[in-house]
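Asks: Quick note, the sequences are listed as chains A and B, same order. If you're matching positions, the first sequence starts at 0 in numbering that gives the first Met the number 0 and goes up one per residue. If you're matching positions, the second sequence starts at 0 in numbering that gives the first Met the number 0 and goes up one per residue.
Think of the hints as simulated: they come from the structure by calculation, not from any bench. Glycine included, every Cβ here is placed at the ideal spot set by N, Cα and C. All the given hints hold, so there is nothing to weed out.
Now the in silico label distances, taken between C-beta atoms and shown as ranges:
#	chain 1	residue 1	chain 2	residue 2	range
1	A	Leu713	B	Arg160	37 to 43 Å
2	A	Asn494	B	Phe170	49 to 55 Å
3	A	Gly704	B	Asn81	29 to 35 Å
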Amino acid sequence: MKKQIYTLFGLLLFITPFSIYSQEKFTLNGIISEKSSNETLIGVNVLFPEIAKGVVTNEYGFYSITLPKGKYKLQISYLGFKDNIQEIDLNTDKKLNIQLTEASEMLDEIILTEKTEKLNIKTPQMSINKLTAGTIKQIPVVLGEADIIKSIILLPGVTSGGEGASGFNVRGGAADQNLILLDEAMIFNSSHLFGFFSVFNPDAIKDIKLYKGGIPAKYGGRISSVLDIYQKEGNSKKYKINGGLGAVASRLLAEGPIAKDRGAFLVGGRASYAHLFLPLFDNDNIAYFYDLNTKLNYKINGNNNLYLSGYFGRDVFALDEIFTNTYGNTVLNLRWNHLFSDKLFSNLSLIYSDYFYGLELDFVGFKWDSGIRNFNLKYDFKHYISDNFQLNYGINSIYFKFNPGEIKPNNKKSGINREKLIDKYANESAVYIDAQHKISNNLTLQYGLRASHFIRFGQEELNIYQNDNPLSYNQELQFYEGNDRIGIKKYSRSNIIKTFTNLEPRITLAYAFNNNTSIKASYNRMSQYLHLLSNTNSPTPLDVWTPSGKYIKPQLLNQYAVGYFKSINDDKYTIETEFFYKDIKNRIDYIDSANLIANNAIEQDILNGKARAYGLEFLVRKNEGKFKGWLAYTLSRSEQKTLGRTNQEPGINNGQWYRTSYDKTHDISFNGSYEVNKKWKFGANFVFQTGQPTNYPTGQFEYQGLSIPLFDGLRNSEQLPAYHRVDISATLTPRKNKTKKWKGEWVFSIYNLYNRKNAASINFARNKDTYANEAVRTSIFGIIPAIAYNFKF
Amino acid sequence: MKKLIILILGILVLVSCEDVVEVDVPNGEPKLVIDASFELYLNETPIEFAPKVRLTLSAPFFDQNIPEVQGAIVYITNTNNNTIINFEQVPDSGLYVPAEEFPTPQFGTLYELTVVYNNETYKATTQLIPTVPIDTIKQGENTLFNDETEIIIFFTDDGTRNDFYLFDFDFDLFLASEDRFYQGKPFNFSYFYEDMVNGRDVTIKILGIDKRYYKYTSLLIEQSDQQGGNPFQTPPAQLRGNIINTTNTDNYALGYFNLSEADKFNVTIKK
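Go ahead and model the full structure; you've got the sequences and the hints to work with.
Replies: Next up, the structure:
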């Protein structure tokens, strides 16, 4: 592999100077933003139709393109906005900031802007889904709360563990393999209320991008996907307030200038109502969540911008003061955009993020805290070398501190001894370089390399085992059990326990047959050094993250994807078909008696396994007109296998492949919206999924008066009944809005219209009254009507 | 600790709905089940010890009747002095009780259980594991969700050893616990009865167990419990106890041979 990498670098070095000095050229650069608010726009097409060249704005609305001297027609187009077309005489390097006007505002109507997600036929990017806040808000969801994660689950290749399950699964990957970035900061838990809602307030979000494959070298650290979410910057022209009153939560967001046209703030809050699910009981029980999004931006001058982003969210449960549970994320990010030249854009980020989990159990007399915090320094460059060649490169270093848990007595009478689980420390750093290279009018490549390096620093105590073997297989009794440690090794924080280095090549190529049809192929290799210790169907907020080290190796992934892309009628319809295959090394699996809670010796309970997934995704979209929407179909398989370490050991599930709990053979989702007139708009979803893999008992036995279902078959060989449902919504925008400053809309929705009892699980147990064994189906959401009111002024 | 997750899940359960469904389940081969957990009450006068072994077979999940095993040979060997205590079958049942006086088990002695059934020999060994007494039990007034009844169990852990306990709350309700977080301390915790137990006499027991039996019972309790609506399910475990089929290892038996020192406490639940 080393050889291939040298070849790659050789290619880069060869091309770069060649392109720069070949002809007299000038550079056009600038920032594209929305006229009404100065909000920068991501992914805007900056096109030169006569010569078929173009560039797309980056995450900060910046573009740069270098062209031979000449007069050109310049066309800036972004769906939902009026095209900006102008003549440009490129006889010197030029800076051209352009402001676009919303198509809807020209008509002086308020409808939520629809920057419909456009398909880029020619760009060497595949396996990416983009959604705007506008699209997300139109998708009917449970209890009427617009939700990012519930929306991406409607896309091909994305599923979740089920209703009420945290996180999401991309292309048969586990929930902890998703890199979730909010303004570039890592989010460790994306769910509120155990997965009923996600932590992102859709009002504060500008743009989301989900990378399922072909992941560029700039991203690393998680192997399944990247969910890249950008918050709005705030309106630097005028003060605006918008908000909503929903069935579950209410939102309020304020934005406005701190210095006109130069700086803006944005503050958004969202809170659910207390006693959310528990009003039926006379106890003093509460369950609620809240979050706060903030952003400040300030334009120092044409070449320097500063951004400060923050997020704070918590979930709180309390049962009659005897049980209290609090958890959530905190994120703070300071960024500095700097233009070194009209071709070299840079962004320096200093990011802090943490995840906290706290629990107080008064009836046992203890308090429990755990969490993970990290400091991240990132410096990214985007170098617009020529119209055919752009380079992205950068460095990144993250320092992690893991607090696996601390238990404390919660009152003087409690018999609990204080115990601190050993803190762990690690550093993950990376350098990357990535080229976007247009070889010919038909062929474009993106290729790059990321080199990642992980250091596990010293900790107070590390368990040492005979022959470095933390667990054994008991041949006679036929189970795995932990070995007792033979000692501990003490380290100082500056010691290094273990290091890992991985080279992660990435390549995507796009071959366009014409302007409307292309094929694309990609390969990416990625590594993941953090592991979420979770042995449940979907992660729980209580699960702790643990770093790779002496006993746990980093997860390594290879993913291959090929796709066929077609745009019909100038993007009125788009069709995307992709096939993917991925294999993952070092996926940890758990022995039967594994205990993941407060475990200081997790190495005694885990085995090293592997995983693979493959599938076919199909997505057809209608992007324009009164009726818009998409139909997605995914056929896939996701499996896991853990062999014994020697011939004498069976491993997990007798060393055979078994379906993961998030394997969904067929997954169909349809989302559509129909705009009848300016007053009424309707939306609908239909979802069909193969039932989740599960286990049925092969028998029962009795022991000490207990009736115990016996599971002797292969793991996950049965499946729950198929999951399907229909949701509908209607949005009413009163006409009197036109003249008023206050603009409101009503959203009526019904989730699970035909009240299907979708099985979240089937449980096998003895009925406490009849003493007969039975299978009990649990379904989470039946039919749920909801109403919400959104406003802005 | 597993209870924590379950508790959190209570919230989920409240919005969900449950119903009984018909499911075709696979049927495995019947396996011998050896239920041999003996409790020794050293604090009672006279000392109480009533060992019994129950032999059954595993059955298809929805069967109403569990087949009882008759005509097996059951005996226990004290490996210190190689004495054998033979067990005899209670007529027409799968219960086997000592055919002769069973000398009070001693700490530090290895006992071996032998069961011969269908020409195959099953063996398991165990030792007597000490416990601490229950200091007292009080009734509390807290509830979790609805109308549970709270009882508070007080006991004092022995600081000189790592203890594992199995609490038996009557009505086939069990809880396994380890002393890791209350080593050597007077400790109390609450247990909540879900069903109405008002006015009933309840016997609560504490059993000293070893780590392996602690793990086994934890799994057993978890797997038998009716935790409906749990999206946080762990994959079901293969429930292997400490019994070895010495004739044919693949045809393993289910169940466990356990010997615990125990203590009990009677309470009447107030209305």
